[in-house]
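Q: Here is how the chains run, residue by residue.
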Amino acid sequence: MTRNGSSFLDLNYLDILASGDTVIHRIDPRAKVLATALFIIFVVSSGKYEVSSLLPFFFFPVILISLGRLPTRYILLKILFLSPFILFVGIFNPLLDTAPMLHYGTFSLSGGWVSFFSMIIRFILTVGSAFILIATTGFSQICAALEKMGMPKTFAIQLLFLYRYIFVLGNEVLRVSRARELRSFGNRGKELGVFGSIAGTLLLRTWDRAQRIHMAMLCRGFRGEFHFRRPCRIGKAEVVFLACWTSFFALCRMVDIPALMGRFISGVIR
Amino acid sequence: MSHHIVEVKGLQHTYADGTHALRGVSFRITHGESVAIVGANGAGKSTLILHLNGYLSPSAGTVRIGDIPLTKQTLPEIRRTVGMVFQDPDDQLFMPTVYEDAAFGPNNLGLPPEEVDNRVTQALLTVGVEHLKHKPPYRLSGGEKRRVAIASVLSMSPDILVMDEPTTGLDPLARRRLITLMKEFRHTKIFTSHDLDMVLDLCERTIVLHEGTVRADGPTLDIFSNEALLAECSLEKPLSMQGCPICGKSRS
Ligand SMILES: Nc1ncnc2c1ncn2[C@@H]1O[C@H](COP(=O)(O)OP(=O)(O)O)[C@@H](O)[C@H]1O
Ligand SMILES: [Mg+2]
Numbered sequence: 054m055t056r057n058g059s060s061f062l063d064l065n066y067l068d069i070l071a072s073g074d075t076v077i078h079r080i081d082p083r084a085k086v087l088a089t090a091l092f093i094i095f096v097v098s099s100g101k102y103e104v105s106s107l108l109p110f111f112f113f114p115v116i117l118i119s120l121g122r123l124p125t126r127y128i129l130l131k132i133l134f135l136s137p138f139i140l141f142v143g144i145f146n147p148l149l150d151t152a153p154m155l156h157y158g159t160f161s162l163s164g165g166w167v168s169f170f171s172m173i174i175r176f177i178l179t180v181g182s183a184f185i186l187i188a189t190t191g192f193s194q195i196c197a198a199l200e201k202m203g204m205p206k207t208f209a210i211q212l213l214f215l216y217r218y219i220f221v222l223g224n225e226v227l228r229v230s231r232a233r234e235l236r237s238f239g240n241r242g243k244e245l246g247v248f249g250s251i252a253g254t255l256l257l258r259t260w261d262r263a264q265r266i267h268m269a270m271l272c273r274g275f276r277g278e279f280h281f282r283r284p285c286r287i288g289k290a291e292v293v294f295l296a297c298w299t300s301f302f303a304l305c306r307m308v309d310i311p312a313l314m315g316r317f318i319s320g321v322i323r
Numbered sequence: 178m179s180h181h182i183v184e185v186k187g188l189q190h191t192y193a194d195g196t197h198a199l200r201g202v203s204f205r206i207t208h209g210e211s212v213a214i215v216g217a218n219g220a221g222k223s224t225l226i227l228h229l230n231g232y233l234s235p236s237a238g239t240v241r242i243g244d245i246p247l248t249k250q251t252l253p254e255i256r257r258t259v260g261m262v263f264q265d266p267d268d269q270l271f272m273p274t275v276y277e278d279a280a281f282g283p284n285n286l287g288l289p290p291e292e293v294d295n296r297v298t299q300a301l302l303t304v305g306v307e308h309l310k311h312k313p314p315y316r317l318s319g320g321e322k323r324r325v326a327i328a329s330v331l332s333m334s335p336d337i338l339v340m341d342e343p344t345t346g347l348d349p350l351a352r353r354r355l356i357t358l359m360k361e362f363r364h365t366k367i368f369t370s371h372d373l374d375m376v377l378d379l380c381e382r383t384i385v386l387h388e389g390t391v392r393a394d395g396p397t398l399d400i401f402s403n404e405a406l407l408a409e410c411s412l413e414k415p416l417s418m419q420g421c422p423i424c425g426k427s428r429s
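Chains as they are written, first to last, in the working numbering: chain A, 54 to 323; chain B, 178 to 429.
Think of the hints as simulated: they come from the structure by calculation, not from any bench. Small disclaimer: the values here were computed from a predicted structure and weren't measured. Each hint should be verified, as a subset may be incorrect.
[What the hints assert, rightly or not] Here are some chain B residues pointing at chain A (derived, C-beta under 10 angstroms):
1) P246
2) M261
3) F263
4) D268
5) Q269
6) F281
7) K312
8) A326
[As the list claims (entries may be wrong)] Derived BS3-like pairs (lysine-lysine); straight-line CA-CA distance at most 27 angstroms:
9) K131/A to K310/B
10) K310/B to K360/B
11) K312/B to K131/A
12) K101/A to K131/A
13) K186/B to K249/B
14) K360/B to K206/A
15) K360/B to K414/B
16) K101/A to K201/A
[Unchecked claim] Beyond 12 angstroms from chain A on every Cβ pair, some chain B residues (computed):
17) E210
18) G260
19) D265
20) E307
21) S318
22) S332
23) I356
24) E381
25) R382
26) R392
27) A393
28) L407
29) E409
30) E413
Heads up, the beta-carbon is just placed ideally off N, CA and C, and yes, glycines get one too.
Given these sequences and hints, build the entire structure.
A: So, in structure tokens, the structure goes:
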């Protein structure tokens with residue numbers, strides 16, 4: 054459990070980054086949403102044992118991070134923060150799939166390990182690109198873009214609220230667990246029943262707070278309309294942005310660039 | 178300007194669980210008045226306030242803001258007129274930065290971007306938090322949060338400002354600054370408060386709520402001098418009106 058009590062909210066920092074003003078920030082949210090969606094589709098749908106052919110995809114996040122002037126360390130930390138989930142999901146691969154796949158002299162790597170690495174790479178790429186999208190666009194702008202692209206307004210609003218309330222829930226978890234920790238000495242107060250009632254309290258508190266936030270939004274004239282931070286417009290920059298990335302992704306998929314380069318380099322050396 | 182009149186007639190409210198929180202409240206607040214609503218915990222102050230911009234709807238009775246009766250159709254207009262600052266600023270500040278929070282209301286009013294920017298800047302300047310505009314609200318101190326919450330309402334240029342316990346949880350300095358700030362507003366102001374010294378400072382008129390009814394309504398000084406009334410409603414004379422504990426002399 055985090056001790057400083059602010060790590061959940063810290064994801065909000067992504068939204069703060071979104072108020073930046075770089076080339077990437079200025080691109081229409083719709084173009085960024087589409088490019089990221091394509092990116093994720095390409096990455097996720099690549100073969101189970103792909104490793105080297107995934108590497109060129111890192112070009113996308115790296116370019117966006119550097120042009121968007123995002124703090125690399127922060128984004129890496131946030132990915133790391135979520136990584137236990139994927140480790141948990143993937144850790145059984147090496148145990149289940151033991152057929153050797155790659156051979157380097159006497160050393161051989163089983164299919165399970167290869168698919169495990171592939172999974173981790175795909176995880177880093179997709180989660181990272183989602184974070185980058187939020188950090189260069191802002192979640193409310195993403196929802197606005199989705200709505201503008203045809204998602205029913207109700208869904209877009211639900212999505213926006215879901216995002217807000219996840220932080221609300223996260224914070225309530227921190228507060229309640231701190232209250233429990235301060236009043237339980239050593240290992241007492243960790244029985245299952247205690248956690249049951251804590252979970253109940255949490256749900257009620259979150260519900261209450263979510264309701265008050267909704268009320269505050271209504272009081273300030275919220276009627277389910279989205280507002281773009283900048284006037285939105287699909288211009289030349291957007292078309293170029295989308296076209297370049299799409300063709301790049303397609304290229305990465307069709308040609309195994311690292312393998313090609315390896316062959317090219319070894320050809321030159323020979 | 179009949180615009181800034183708040184008229185409540187025979188207002189009753191029963192919560193879903195059967196709690197009879199308001200049992201027939203009536204009063205009329207005219208333009209430019211500064212009115213305090215006081216009463217013990219659970220007297221129904223918050224419930225009353227939430228009717229003024231239509232968050233709760235009355236079980237019986239009416240609310241009129243200016244010439245407009247509060248109905249579903251007039252809700253957007255009413256919410257533009259009545260600015261509401263909640264008891265807990267954390268509930269009110271939900272956008273990622275102070276600036277965006279203050280811009281939330283004007284954006285919903287459908288104002289053009291330059292006008293939104295103007296209003297936000299003006300509101301942030303008024304409450305003195307211009308320098309914080311790129312900060313996330315949850316990183317601010319209690320007093321700063323409260324000011325930002327006020328700015329986020331001021332940016333909508335409301336005609337009537339309603340605040341639920343604005344000084345709760347503030348340190349003496351932040352409280353003093355808030356009072357000074359409030360004094361500068363020419364709006365119609367309605368507060369609920371347990372801080373009777375602030376009430377004495379800011380409001381000429383006080384409405385005392387007791388168990389969901391108006392127990393007294395009149396000039397603040399008169400009400401605070403009526404010890405029997407205060408005792409009955411579990412209130413205590415403001416410190417500044419109590420006798421000096423050391424020399425025993427009354428100040429007023
Ligand atoms: N959401 C609710 N559901 C049921 N009862 C409520 C609710 N909110 C407040 N009450 C009850 O209504 C009464 C008035 O509450 P409130 O207006 O919050 O008082 P005050 O703000 O004066 O302390 C109290 O008895 C309280 O328990
Ligand atoms: Mg209250």
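Q: Regarding the pair K360/B and K414/B, is the alpha-carbon distance no greater than 27 angstroms?
A: It holds: about 22 angstroms lies between the C-alpha atoms, which stays within 27 angstroms.
Q: Take a quick look at whether K101/A and K131/A sit within 27 angstroms of each other, Cα to Cα.
A: With Cα atoms ~25 angstroms apart, K101/A and K131/A stay inside 27 angstroms; holds.
Q: Go through the hint on A326/B and say holds or violated, using the shortest Cβ distance to chain A against 10 angstroms.
A: The hint holds - A326/B has a Cβ within 10 angstroms of chain A, the shortest such distance being about 9 angstroms.
Q: Please check whether the beta-carbon of R392/B is more than 12 angstroms away from every beta-carbon in chain A.
A: holds, 28 angstroms
Q: Could you let me know if the closest chain A CB is still more than 12 angstroms away from the CB of I356/B?
A: holds, 23 angstroms
Q: Would you check whether M261/B satisfies its interface hint, that is, whether its CB is within less than 10 angstroms of any CB in chain A?
A: holds, 5 angstroms
Q: Tell me if F281/B is really an interface residue toward chain A, meaning its C-beta lies closer than 10 angstroms to one of theirs.
A: At about 6 angstroms, which falls below the 10 angstroms cut-off, the nearest Cβ of chain A leaves the hint on F281/B intact, so it holds.
Q: Does G260/B clear chain A by more than 12 angstroms, comparing its Cβ with all Cβ atoms of that chain?
A: violated, 8 angstroms
Q: Need the status of pair K186/B, K249/B: alpha-carbon distance at most 27 angstroms?
A: holds, 18 angstroms
Q: Is the Cβ of S332/B more than 12 angstroms away from each Cβ in chain A?
A: Label violated. Min Cβ-Cβ 9 angstroms, cutoff 12 angstroms.
Q: Does K310/B pair with K360/B here, judged by a C-alpha cut-off of 27 angstroms?
A: holds, 24 angstroms
Q: Was L407/B rightly flagged as not at the interface, with every chain A Cβ beyond 12 angstroms?
A: holds, 31 angstroms
In summary, the structure is inconsistent with hints 1, 14, 16, 18, 19 and 22 from the numbered list given earlier, while agreeing with the others.
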